[in-house]
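Position chains B, C and D against the provided structure of chain A, taking the given hints into account.
Chains as they are written, first to last, in this note's numbering: chain A, 145 to 280; chain B, 145 to 280; chain C, 145 to 280; chain D, 145 to 280.
Derived by calculation from the structure, the hints in this document are not laboratory data.
Virtual Cβ for every residue (Gly too), placed ideally from N, Cα, C.
Treat the hints with care, as some may be off.
Listed next, the stretches of chain D that the computed footprint assigns to chain C, with coverage defined by at least 3 CB atoms under 8 Å from CB atoms of chain C [to be verified]:
1) 167 to 174
2) 204 to 213
Here's a subset of chain C near chain B, in silico, CB distances under 10 Å, partners left out [claimed, not checked]:
3) Y156
4) D158
5) N169
6) L171
7) E175
8) I176
9) E180
10) R191
11) Y214
12) R219
13) E238
14) R245
15) H249
Within a straight-line C-alpha distance of at most 20 Å, the following computed SDA-like cross-link-like pairs (lysine to any residue) qualify [what the hints assert, rightly or not]:
16) C:K203 <-> D:A211
17) C:K203 <-> D:K203
18) D:K203 <-> D:H262
Protein chains: 4
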Amino acid sequence: MIVHDTEIRVCYADVDQMGFVYYGNYLKYYEIARTETLRSIGLSYRRMEEEGVMMPVLKAGLTYRQAARYDDLLRVRVLIKELPKGVRMDFEYEVYDSCNRLLNHGFTQLAFMRASDHRPCPPPAIFMERLRPFFD
Amino acid sequence: MIVHDTEIRVCYADVDQMGFVYYGNYLKYYEIARTETLRSIGLSYRRMEEEGVMMPVLKAGLTYRQAARYDDLLRVRVLIKELPKGVRMDFEYEVYDSCNRLLNHGFTQLAFMRASDHRPCPPPAIFMERLRPFFD
Amino acid sequence: MIVHDTEIRVCYADVDQMGFVYYGNYLKYYEIARTETLRSIGLSYRRMEEEGVMMPVLKAGLTYRQAARYDDLLRVRVLIKELPKGVRMDFEYEVYDSCNRLLNHGFTQLAFMRASDHRPCPPPAIFMERLRPFFD
Amino acid sequence: MIVHDTEIRVCYADVDQMGFVYYGNYLKYYEIARTETLRSIGLSYRRMEEEGVMMPVLKAGLTYRQAARYDDLLRVRVLIKELPKGVRMDFEYEVYDSCNRLLNHGFTQLAFMRASDHRPCPPPAIFMERLRPFFD
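Bound-form chain A, shown alone:
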């Protein structure tokens, strides 16, 4: 299992007139934390795209418990609990405030897709190499 935390400071643009982070922006926070989690194990999502493999999202879900507010310093935890299965990969997310209260949690399921023809494909070899040690 991989667990990685990323800090995200809530900016003014992301907060709505209730004074809460707009509900759709958490999918952006999940994306940022997902990229940093991959980087932490030596994988660059950017390079993977440049080499012709993209990861579109197939499914996403979010459960909101408490609202985040402007200027909050959030901790976004990403959990990878399993290796990719076939062409799919699951990520889970937990967003905490600076008092370690769980604000929301969610998941995304992504696919590996060839950029050239937009067809599903297996994960790149480097991807599996970097992930595998965490699942032995």
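Showing chains B, C and D alone in chain A's frame:
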């Protein structure tokens, strides 16, 4: 049951470098369509907030089947299948392209909340009055 | 001269905790109105990109006089006062509320750029053909 | 004069289908860097709002020279060259990539406004106290 369609034109800002609408932006499209659905039965979400009742989102889920692209004219269908239960209300969404292909679908569960003390509250009377005829 | 109005409804995602449209979102409104203005004279920005010409922005400016609010129905006026000069083209913008008060105004200067090598290029022939009748 | 640098990593949500950061997103980057610049001299924009003073933007301008791309680590430099004059305050911005190339620069002019009645007001005393040492 209430079914209402809203057209949304995909703008440049909403599309990512894959050429697809960024996955988080659909929650914005859902919000726009939700507001228009309420407007279509004589309910103004804006006025409700001005009168002290807000509707934060408790849960959301999305299933992506096909990507929308820049300048696509989407049809976002909102389905309200049940009256609010207690302080909660469910909405379902279906996004179609101009060929009537289903691109993605999802749901949100919202709560009614008093702006004054951020406590859950029942839906305003006008809200139930406007909804009820569709569920008799 | 070309003058074209586009209506834009302010969504919840675009409003900040002051209750005002976030200042950066007007550049998105300008983009939407720019695209509709071109469409109104038979030009598709989408098709132009597909045919290999992009229009990145070189300069932008905005002057804010009054704030727009959630659910406001804005009228975004685009003014094209001159034909493209060389590889550049200027657009001006005026945003009005439903009482015809000017909320803000601005401009953008865009370039024509070949997608293949990211070099400046002249406007496509069709572009000039459609614009010219308005400037005779 | 105050000069302060803030690092911002470009996320996927912020990039358009040209592969460039969408032009409107730089106003968000400017906002993030402005907040961090104030924090660096002991000022919390959040606390100022909580104490009843807001800073809406009056004018903004941007000049784009090179595009930023996905996953770039940008350095956003904020320059405060003068103390607030009356109810207004100017900020300048320079965005650099990791090779220290200037990608774009811009400015914003903000006003101090009382939250209670939305009227212009002088900067809070603490604000001037923290700024003044940099301009002696």
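Going down the list of hints, with the structure as the test:
no., hint, result
1, 167 to 174, "holds (count 6)"
2, 204 to 213, "holds (count 6)"
3, Y156, "holds (5 Å)"
4, D158, "holds (9 Å)"
5, N169, "holds (9 Å)"
6, L171, "holds (8 Å)"
7, E175, "holds (5 Å)"
8, I176, "holds (5 Å)"
9, E180, "holds (8 Å)"
10, R191, "holds (9 Å)"
11, Y214, "holds (6 Å)"
12, R219, "violated (16 Å)"
13, E238, "violated (19 Å)"
14, R245, "violated (18 Å)"
15, H249, "violated (20 Å)"
16, C:K203 <-> D:A211, "holds (12 Å)"
17, C:K203 <-> D:K203, "holds (14 Å)"
18, D:K203 <-> D:H262, "holds (17 Å)"
Of the numbered hints listed earlier, those contradicted by the structure are 12, 13, 14 and 15.
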